[in-house]
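Q: Those sequence lines, one after another, are chains A and B. Residue 8 in this note's numbering is what sits at position 8 of the first sequence, and the numbering runs on without skipping anything. Every number in this note's numbering is 1000 more than the matching position in the second sequence, counting from 1.
Hints are computed from structural coordinates only; laboratory data are not their basis. Treat the hints with care, since some could be wrong.
Going by beta-carbon spacing under 10 Å, a handful of chain B positions derived as facing chain A [said to hold, decoys possible]:
hint, residue
1, Ala1062
2, Ser1073
3, Ile1081
4, Asn1093
5, Glu1098
6, Leu1104
7, Thr1110
Far from chain A, by Cβ distances over 12 Å, these chain B residues were calculated [stated by the list, open to error]:
hint, residue
8, Thr1055
9, Ser1076
10, Phe1088
11, Lys1123
12, His1195
For glycine and all other residues, C-beta sits at the position ideal for the given N, C-alpha and C.
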Amino acid sequence: MTRPGRRWRRFLSALRFGVRGVRAAPLVFVASVGTMSAGLVLLAAYLLLMLNMHAVLEHFGRDLRVVAFLEAGAEPAAPELASLREWLEADAAVAEVVYVAPAEALERLRADLGREAGVLDSLERNPLPGSFEVRLQPGSRTPEHLRVIAARLQREPAIHEVRYGEDWVEGYARVLRAVDGVGLGLGALLLIVLCAIVSGTIRLAVHAREHEIQIQRLVGADGWFVRLPFCLEGSLQGAAAAGLALTVLWGLFKVGVPLVRAPLALVLGPRDPVFFGVGEVGLLLALGVALGLVGALLSMVRLEESS
Amino acid sequence: MIQMYHVDKQYPGGAYGVSDVSMTLDRGEFAFLTGPSGAGKTTLLRLLFGAEHPTSGQILVAGRNVSRLSSGSVASLRCEIGVIFQDFKLLGNRSVFENVAIGLEIAGATRREARVRVWSMLKRLGLGHRMDDLPRSLSGGEQQRVAIARALVHDPLILLADEPTGNLDPDLALDIMDIIADAHARGTTVLVATHDPGLLDRYRHRRLVLEKGCLLADTYPDTQPGRVRWAASTLR
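Just need the whole structure built from these sequences, with the hints factored in.
A: Quick look at the structure:
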């Protein structure tokens, strides 16, 4: 028997012990999955709220732009405009550059004024300057980045004035930071609680199989052979709990969202809330597996200490 | 195969499990470890398979210093030792087959190899028809035979047996001892802890006599009178 072959078979044997352990005490497994999934429902619900709030903020963020006004009454020639546009578009932070000619600016103002638009008829000439509206890539919508881009534009002689709604941008960034900060704090807290739950439930399983572990050790099992079945069990529990939590949350989402659409609109605006995509579901399942594994390893450390 | 040099095992509180025990057991030898209850027989066996660590002294088993082995090395040593426990230590929720195969699985035997070995071992011990039964449905003698099968199925270098006939009636006890003698005949070094004088009379092997943790005598049976090693009385 070669050593790698023997190691592989020992690994498979340890996994079989894990499966047998689950089969031998299915109620402990089900109880653990139930407890864990309750915690995961909370975590996933919070993540879902965060996801939707981020989508709302991202939606608002799309309207963020830097406006570079040219000299009023001095519309540059087409080649000069093209070269300016090219220069702006060369910046990696820039997503889109739109030139608004003076005439178009006047039309927009007219549309904005609505019934008051008649006041513009008295103007002898169009006083509005042409401008470039610069929209930024999602990752660059920070006050710092906007400030740098505005300063760069300001240095260009053809550009007379640069505006980017500093107050709004600062507020947007503050909300985003707060949402992320609270999310991180609460998420970390929930993860710790979940780890403790898994660790506790695996410890119950360890306790229930103390006799078996003792016999395994007496007939030659080393530490990892004893640990591996519980790690497998923890991972299975985590995956099953995450699957159950997602199913429950999806059910609640489908049934509950229509009932609370009005109060939800206060938080999320007019957008319809969305559920997790395939990628996010995969990540949550992986999170469940990782939680189960960490919880099992934590309880195994205690087992090692106690043996 | 087994060497102990001035081994002490002192428990918290000061009580001695074994005290200044020195002895050797050669490859293929059969010896009884005897003495009254509480003499330290179980402690000595536990020291040999690494379930206890000596307070002082050195223990060499199959060329390895047990007192200095890491937990991983203790595990690999146990794969080469068969141990029969006084209380059988069977898994109540696993079949007879699974109970016997556990050591082979841990050692990394193929499933086919495990099946063949377990089957032939159970057949040899007259348990071929009980492979799928749970231990609780077996009699005391059958449970003991399952424990023996588990200890012998991987052809251990050393067999340590702690009161293997403890709670069995005399006929069953002789059956069990015959199985152990058979393993010895196939080359296994055997150390059997017992305080059953009937067994000692019937199987005339070397005797290590323990009392209050001390090795009082190390004698060969009187069929080999010239080979008495020493006894405590000879030292006084």
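Q: The structure should be examined with respect to each hint, and the outcome stated for every one.
A: Verification of the supplied hints:
Checking alanine 1062(B) against chain A: minimum C-beta separation of about 13 Å lies over 10 Å; hint violated. Because the smallest distance between the Cβ of serine 1073(B) and any Cβ of chain A comes to about 9 Å, under 10 Å, the interface hint for this residue holds. A cut of 10 Å between beta carbons decides the hint on isoleucine 1081(B): the least distance to chain A is about 8 Å, and the hint holds. Residue-level restraint check for asparagine 1093(B) holds (minimum Cβ-Cβ distance to chain A is 5 Å; threshold 10 Å).
With a cut of 10 Å, the hint placing glutamate 1098(B) at the interface with chain A holds, because the nearest CB-to-CB distance is about 8 Å. Taken as an interface hint, leucine 1104(B) checks out: its beta carbon lies about 9 Å from the nearest beta carbon of chain A, inside 10 Å. Interface hint at threonine 1110(B): satisfied, since its Cβ lies 6 Å from the closest Cβ of chain A, which is below the 10 Å cut-off. Every CB of chain A is more than 12 Å from the CB of threonine 1055(B) (nearest about 19 Å), matching its label as outside the interface.
Some Cβ of chain A comes within 12 Å of the Cβ of serine 1076(B); the nearest lies about 7 Å off, and the non-interface call is violated. Residue placement check: phenylalanine 1088(B) does not keep its beta carbon more than 12 Å from all beta carbons of chain A (closest about 10 Å). Listed as a non-interface residue, lysine 1123(B) keeps its Cβ farther than 12 Å from every Cβ of chain A; the least gap is roughly 21 Å. No beta-carbon of chain A is positioned within 12 Å of the beta-carbon of histidine 1195(B); the least distance is around 22 Å.
Going through the hint list in order, the structure does not satisfy hints 1, 9 and 10.
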